[in-house]
Amino acid sequence: MLTALAAQLFTGLVLGMIFVLLAIGLSLIFGLMTVVNFSHGSFYMLGAYLGFFVVGYTKNFWLALLIAPLLVGVLGLGVERFLIRPLYGRSIDDPLLLTFGLSAVIIEVVRLTWGKIGLSLDPPRALTGAVNLGFGMFPTYRLFVIVITALVLVGLWLFLERTNVGLVIRGGSRDPLMVRALGIDLRRVWLLVFGIGSALAGLAGILAGPMRSVYAEMGVTTVIESFVVVVVGGMGSLPGAIVAGLLIGQVVSVTTFFAPKLAEINVFLVMALVLLLRPSGLFGEAGLME
Amino acid sequence: MNRRAFLATSAAAAATVGFPAIGRAQSKEPLRIGCPLPLTGPFAALAADMQRGAVLAADELNAKGGVMGRKVEVLFRDDQLKPAIGAQRTKELIENERVQFIVGGLAAHVQMAINEQTKKSKVLFISTSQSDEISAKPDTSPITFHEALNPTITSRVVGTWVAQNLGKKWWIIYADYAWGKQNNAVLTEVLKKQGGTLLGTTPYPLGSAEFSAHLPKIQAAKPEVLMNVAPGADNVALHKQVISYGMKKEMKIAQPLHWISYLKEGGAELYQDVYGGINWYWELQDQIPSAKKFVEGSMKKYGLPPGDYAAYSYSGVLEVARGVELAKSTEADAVANALRKSPTYDHFKGKQWWRACDNKSFQDMWIGRGRGPGQTKGDWGLLDLVAKVSANEEYDRTCAEKGHA
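Sequences listed follow chains A and B, in order.
Residue numbering for the first sequence follows my numbering, starting at 1 and increasing by one per position.
Residue numbering for the second sequence follows my numbering, starting at 1 and increasing by one per position.
This is chain B alone, in the form it adopts within the complex (with noise of 0.2 Å):
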């Protein structure tokens, strides 16, 4: 047999193996995941980023035929920041379209709602979401699991970076709801084990346009750090009135959390020398060879980089994928014993783990600056980083602590 002849013949035969094999695949039910989101609203820059990552996720799976032969669908729906809409459209998700799995969830009260539905209805919940109780009693369940950090890793991570670097005292102003309360309180730990003063805070409404009225006061006090914990458009607007009073040039600003999708939208000049914790930034690409392959996946089918949220997305949907795989079975107690029997992943930013106890996510983050006008790389080359802090267990709290006997 010549070697024409060899290729003609394995083309056919892969032909009538091969096809067959795909026409099942399609015949297969997809496997259909969830995924609620605040498409709309102050949160919606973050919302289109982890859009993004999840379809780019489900695109490289199938990509490769799917999960165990299975298609993967994403199907995404707009919780506009409201629990009662948020748990409303999760329950449509797995009731009407069938979705054995979440992966989603943005604002931290938000995602509380969709939990309470994956529970009731026994779907596995991947949190994209930075939340301290999702992964603690009462509100966890051993098929809730937590992609994303959470407060009190950010904020003692951050924080004490910030006391130790930055100056030690420091006000705090704070979005009233859970995730800005988690973050106040344990940054107000972190300053007081680190010695340092709080000035005062200020909790304001989550989601206000208006910061001046919180400013003359702040500005009074003068304190060397001021600590925002204001997300999303909040965080645009807040940066803008801060810089407007001249505030900047009177302190320090720090935040537990930068989000290269509002670095973007308010620019460079708005976040110059603002320093904050953030769990992955493409530039990242240069030193970890799973951050290129996803910034490089984002790159060709988006013409930009990955955000931050999106990496959590993209990783939260290639887990499902990866416990689907490694469980043979799309039930979530199945796929949730196989997550926690091998723990250890890595689609984006170099090792995580599922911890045993609480099914959270353990992984380094870094401290980045904003780079301001003219030390910018591109549309988005932001940051610099100015610090790695490698993932451990004990900055976030204990099992026991987390009522996890």
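Chain A with its partners taken away, still in its complex shape (with noise of 0.2 Å):
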């Protein structure tokens, strides 16, 4: 009993580990901008499908952990800059609803360019079996995902409290206006959050590629469960996304323990709980939506 538990803690805290990657992006991109991305679904399986090409052409599945993300946080680039843009200063809507109509444009436009049939990415041969965990076998490829995600978060962590440009980005989150009458150009900033938050998601899609399978809707409940995440750990909030993707991780792999029916449904219970109690998030600020 124990044991099993054990497995089923570690399993959670990979399911948790892909939530958090998805879920940054998204926090990041509405604290700063106050937008909600609805095509985050369809970058985290671009990224899914950029990695089985890239490996496909190169054979290696380590530089299409590379270059996969970057390829989807160019497209992220180019988004905010052309589509996102012109939308700052009006109702929240408006980008919500772009987004939304992008995620069914790139879902239709992977279906045209590399058929509805799905694809299978397989792990690289290194990372292929499993380990004893003590507990019981634990597939290596999952414990990778863990390290590299512990990895990004770390990195981007430095990233944000110990430079300038992370500097220039907590603060034009907190008050944009004072920071742009410090003289900051705050869109090329935004350009940049929009590429990073981009960039994760597809980091995720190409880690998730190998566990799961890849087909062109991969990312529409995904994108949903995320924003569960953003919701649970406040809006806007990095260190909420975090905490609240580890907890949902566990909410779903526990419940599946104890009763598979409800796993699904828990993760809106702790949802609905967590926004009874706590209307603005575990980590939220109040007034961010308004």
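It should be emphasised that the hints constitute simulated quantities derived from the structure, not laboratory data.
Do not take every clue at face value.
[What the hints assert, rightly or not] Within a straight-line C-alpha distance of at most 30 Å, the following computed BS3-like cross-link-like pairs (lysine-lysine) qualify:
1. A:Lys261 to B:Lys192
2. B:Lys293 to B:Lys264
3. A:Lys261 to B:Lys71
4. B:Lys248 to A:Lys261
5. B:Lys249 to A:Lys261
6. A:Lys261 to B:Lys193
7. A:Lys261 to B:Lys328
8. B:Lys137 to A:Lys261
9. A:Lys59 to B:Lys293
10. B:Lys193 to B:Lys217
11. A:Lys261 to B:Lys169
12. B:Lys351 to B:Lys301
13. B:Lys252 to A:Lys261
14. B:Lys377 to A:Lys59
15. B:Lys328 to B:Lys28
16. A:Lys59 to B:Lys248
[Claimed, not checked] Simulated restraints, written as ranges between beta carbons of each label pair:
17. B:Gly200 to A:Ile265: 15 to 23 Å
18. B:Arg340 to A:Trp114: 42 to 50 Å
19. B:Leu385 to A:Ala150: 34 to 42 Å
20. B:Glu97 to A:Trp114: 28 to 36 Å
[As the list claims (entries may be wrong)] Heads up, incomplete: computed chain A residues facing chain B, CB under 8 Å, no partners named:
21. Thr11
22. Leu77
23. Gly78
24. Ile117
25. Gly134
26. Met218
27. Val252
28. Ser253
29. Pro260
30. Lys261
31. Glu264
32. Asn266
Even for Gly, the Cβ is constructed at its ideal location relative to N, Cα and C.
Both chains are given apart, each in its own frame, so use the hints to dock them into the complex.
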């Protein structure tokens, strides 16, 4: 029983890590620009697809792990610059609708280019198989996902806390007017943050690819779960996204163990509960949505 | 008259006699068949296979001059794997596109919604989805036909074979919707009859990408056989995760059905030594003449062999054509009566027949085992057939059990 639970907690940790990667991008973008980015799920899907093709061309998963998120990030830059930027200063619904439509377009383009049939992305040879963690066998690749996500999070934290650009991003999300008054061009920061957020979604996609199956609609439910994570953590809060991502991962995993039928509903139950007790989420500040 | 003159006059005669006939055929309203399928989403690979099968059938019919001189047209619509959308698309096909028949449906719950529409509009429906309810009361109707196998038949056949050959301590993981639940129920019953033990079951929501949270518990229970009742893309994801948790070394893996489309998508390594039932497999062309003709048609048109579900839609369209020609009518009741009156046919797998009480098609099925890397034949030779189970009405519930008095 205890060993099974330990395995369950580890499994939940992996689920949580993917949630965290997705939620951080969403939360960064929302915190800074109050853009509810519904195309995030299709960026996730694109990460997996591009990963598949880079692996196909180069036969190198590690290279793909670097290139696919970068490509998705570049696409994110383009989306911010040419589609979202004209909508700043308008109501929060406008970018929401735009990104919602954009996600439908991206899914359709993927179907047209690569077909409606799914793909199978394999983990690199070195990471196949399972290792014994004391409580039983655990897939090597999933351990790798935990490690790589942790590294990315540390890197992101260092970037935000220790660099000048990070300082501007944090300032910009707290008081954009003041930052602008200091003579800083926030538009460039927004562009950069949207790119980073998209790249993180792409990274989540290529990391998830070898564990799940890759198909054009794979991001549709994932983006909803990621929004649940963001809402639970508090819209715009980075620590919130991390804590909530890990929490939701465990909720899914542990409820699956005891009552598999409730696993999906419980995620929303947790959200409802958090919203009842703390309407702006675990780490959220009130007022951002108004 | 010398030979050349004879040829010339007969050609001219044929032209004057024949062309008006062709002209008439083309001026006749085409025979239109609607085909709702989940063309996008996790079942897309199977739906694409089925689309190819239906188009191939229409092409073959048209090459022979159509059905009663009428050209056959198949119209496809995406049901998006959602019952409400399946119903809506079917309604549009019938009311706006004026289709006279519906052949299709893949997911059992969507197929039920399609059936509600065809019953309402008095359109004959040949279902190509695995479902128990479709041929049982209260859902079935005299103009509802069921070409595919159903969970009762597949799970009785596969379950019995697995219990006798692979082991009697099972864990069942199943998609929590019509097809999954029906298979789970039948498998549980079969295992009990075989004197086996069911260590546990795991229902999961259809369309899941993540199964990892279910797996440690199953591993700890140490079953001899893990029975996977996961369709579509779920099947690929589940096998990936089962392998990555090292479970394939600890237990045998079986499933009620193999789908060659997903074997191809997931790859040989994923499905190596996985056992499952299958309604048809292209290598049967070596044994069955109609299978050979079907495979050759598909190779010529698409450059790839048809899959197990392409076979259903191919056969479904050909059965509509056969029914129309027998009845000399497109009227649903007349066609249905004609099919029940001459129930045997063979379009791709040897003899099949419609049972009169429930319009269910009875047919042979096979048990296959995944070949594994290095043993495959070309891109699609992914299965070894290890057993053949001949068609038998006893594998299904009886007419009385299905509510047909």
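Worksheet entry | Hints not upheld, ascending by number | 3, 7, 9, 19, 22, 23, 25, 32
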